[in-house]
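Peer 1: Fit chain to chain and form the complex, with the hints in mind.
Protein sequences, first through last, are from chains A and B.
Offset between the first sequence (1-based) and the working numbering: plus 45.
Offset between the second sequence (1-based) and the working numbering: plus 24.
Derived by calculation from the structure, the hints in this document are not laboratory data.
Model, not experiment: these values are computed from the prediction.
Hints may be right or wrong, so weigh each one.
Dumping the calculated DSS-like pairs for lysine-lysine here, alpha-carbon to alpha-carbon at most 27 Å [claimed, not checked]:
1) Lys76/B x Lys103/B
2) Lys80/B x Lys326/A
3) Lys103/B x Lys80/B
4) Lys76/B x Lys326/A
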Amino acid sequence: MGGHAENGAPMNRMCWWLAHRLSRGLESGERDAVLGDIAEAGEAGGEALLDLLSLTIRRQAALWSTARTWLAPAGLIAPVGMLVGGWSSGRRGFNWLGWVIGQIHTLLSQGVFGESGMTPADNVVRLVGGVFLIAGWAVIGGFVLGSVLRRSAGIYAALACVVWWFAIVIPFGVPVRAIFRAPLWQTLFWLAVQAILIVIPFLWGVRRGTRVGFLGWSQMALVVSAMASLTLIMQVEDSRQTLAYALWGNGESLGWQMVWTPHVLPFFAILWEFAILSAAKEKNT
Amino acid sequence: MLGEFEYLLLTAAARLGEGAYGAAIRQEIEDATGRRCSIGALYTTLDRLETKGLVKTWMGEATPQRGGRAKRMVRVTAKGIGEAEAFYNAVTRVSRGVSWGATRKTARP
Chain A
46 MGGHAENGAP
56 MNRMCWWLAH
66 RLSRGLESGE
76 RDAVLGDIAE
86 AGEAGGEALL
96 DLLSLTIRRQ
106 AALWSTARTW
116 LAPAGLIAPV
126 GMLVGGWSSG
136 RRGFNWLGWV
146 IGQIHTLLSQ
156 GVFGESGMTP
166 ADNVVRLVGG
176 VFLIAGWAVI
186 GGFVLGSVLR
196 RSAGIYAALA
206 CVVWWFAIVI
216 PFGVPVRAIF
226 RAPLWQTLFW
236 LAVQAILIVI
246 PFLWGVRRGT
256 RVGFLGWSQM
266 ALVVSAMASL
276 TLIMQVEDSR
286 QTLAYALWGN
296 GESLGWQMVW
306 TPHVLPFFAI
316 LWEFAILSAA
326 KEKNT
Chain B
25 MLGEFEYLLL
35 TAAARLGEGA
45 YGAAIRQEIE
55 DATGRRCSIG
65 ALYTTLDRLE
75 TKGLVKTWMG
85 EATPQRGGRA
95 KRMVRVTAKG
105 IGEAEAFYNA
115 VTRVSRGVSW
125 GATRKTARP
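This is chain B alone, in the form it adopts within the complex (with noise of 0.2 Å):
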């Protein structure tokens, strides 16, 4: 089973597709979750995926924003894909019949 932090990254990789690499999915997670993403926490855990086999990643282009220096690019494998979809769909079956909203309103403080 995945952990949360994991399955963001992956489907920050699989939503950018052909153009993730690691400040681009930084960015895509950040935007999601509107809390900070840090690049430790971003490359190890993309080094912790790769080694399980659920995304592989090589050295791209260099581009000038980046002061010349290369991309780590991203891409989700068919492994990854079935691990992000069983989270998914177990966090999905898990919230099944649960109103957070209403759930807000009965919660004590």
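Extracted from the complex, chain A is given alone in its bound form (with noise of 0.2 Å):
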């Protein structure tokens, strides 16, 4: 009949290769359906592939179609926001990409103020939990899409990394001279910041959502619960290294106080993505 074999050259290895990359966007059952029944038809290469591509945009076309995959980027609100509002404007409490460039450069030239009484170890938990953090939220941004769109993610995923790099990154990008001079480096430090805290986490993140689906209900606490933690400690880090430099400059030293100046923006994130995974998965039980 009219796609088999005789009408045109087998399905070779190119373009069985062909054939599972198109397959990705058909639910896991329906590949499994769709290409055992072109092996099993001896199907002609090029006629399996448009047939394969036509069904696959079918199906894509349809996901667009559905209200989830038009409110699902309200699951990269929290993230970006967590991600962009602190640099971007400047407020304390989530800026954590600058804090980041911050300890770098305290550590790697000016060193720490003994006098002020912060010593590295504190900057080192500084830069280790800041990074968690930014990580963490762009694993969770990428797990939430992936979750909730699960095939059209990655739609959505390019398009995030296309956004994050030409309509945030380079406008709203954090002055790192003083780490490099050149401004080449400056650059390939910058990105290299992105690429490594966010974009990489982000897409794993959006790889893992897709792949696992929901996380059970004690996965979804460990997982808020660690955030939540991890912004307190953050939070309480940064007041104390604002105190003891603002203490520092009137020639005073901040010893072992411990201050916290609560910013609770972040813990709203932390359950707005929550509620987002929850609300998903109550959908698909």
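Peer 2: What follows is the structure, given as structure tokens:
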């Protein structure tokens, strides 16, 4: 019949490779059934691929006719707000990218002001904590997107990366002049920080979300607790550092004072992600 | 009322009975119509029929000639049988008294 191998070159390894790539846009059960049908019918390579492409496009188009696909970016609002809000507005409390850059700068160039009562260990704790917090937000954003959307998550992930680089990273670049003098190194350093802390964790999160689907309640509680605790620790550290330098400027030392200027927005953001994951999970069960 | 392709699919699945699954239904339709049946058309129609409750599908066993991949098995439901019968009766009624062979001879080009 029309599509069988006598009407064209049979499926070769290249065709199968392409078929597997194309079929990623299908649900796993349907993918199995369709690829099995192609194998069983001995389809001609070109026609089988066109068939598969047409089915994938139909399925993707059907996905975009659901409200869920259009509402899914709501899952990105909180992480993007957390990652961008601080450094574009200059507000303290969740400006973690500027914070990490600052810690690197302190450790690499000027050293720690021992007279202020802060130690290199404090800087290392803040650096590691800031890195985990940023990467954690990127992973959560990606996971929520992948979990809610599954098959159309790839399109959003690609779009999010493009918007991230061209609409956010370039216009709002944090000055790194204190670390590198040459503009080329400044740019490369900034891009590397973005890639390592945000883009790669985000894409990993999307991949995990697509594969894992939905977290159990206990796993969700664990993630929320971990992010909330880390946020709290970093806010305490941020407040301690601010006060230490303020006191040091007046000739005083912080000692071991524990201070915390609360910023509640990050905690609401964590709850927002939790609410979206829970709503999507409830709808799917 | 069913569409033409929906009727073809239901009829092919009913004829195949226990052995109704994607590739077999496709082959049946192609043999009957002499036209190619695309995988996209088959599976989207199958989904539509399932949503309407006219067929039930489930994943069946895997076979070596399918590269170890599972089949999507199909069974026509009672509602599907009713709809197909209604479509068939409508086509039979509307065709009554029409002889396509005779009509062709008198038709203008």
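Peer 1: Are there hints from earlier that the structure breaks, and if so, what are their numbers?
Peer 2: Failing hints: none at all.
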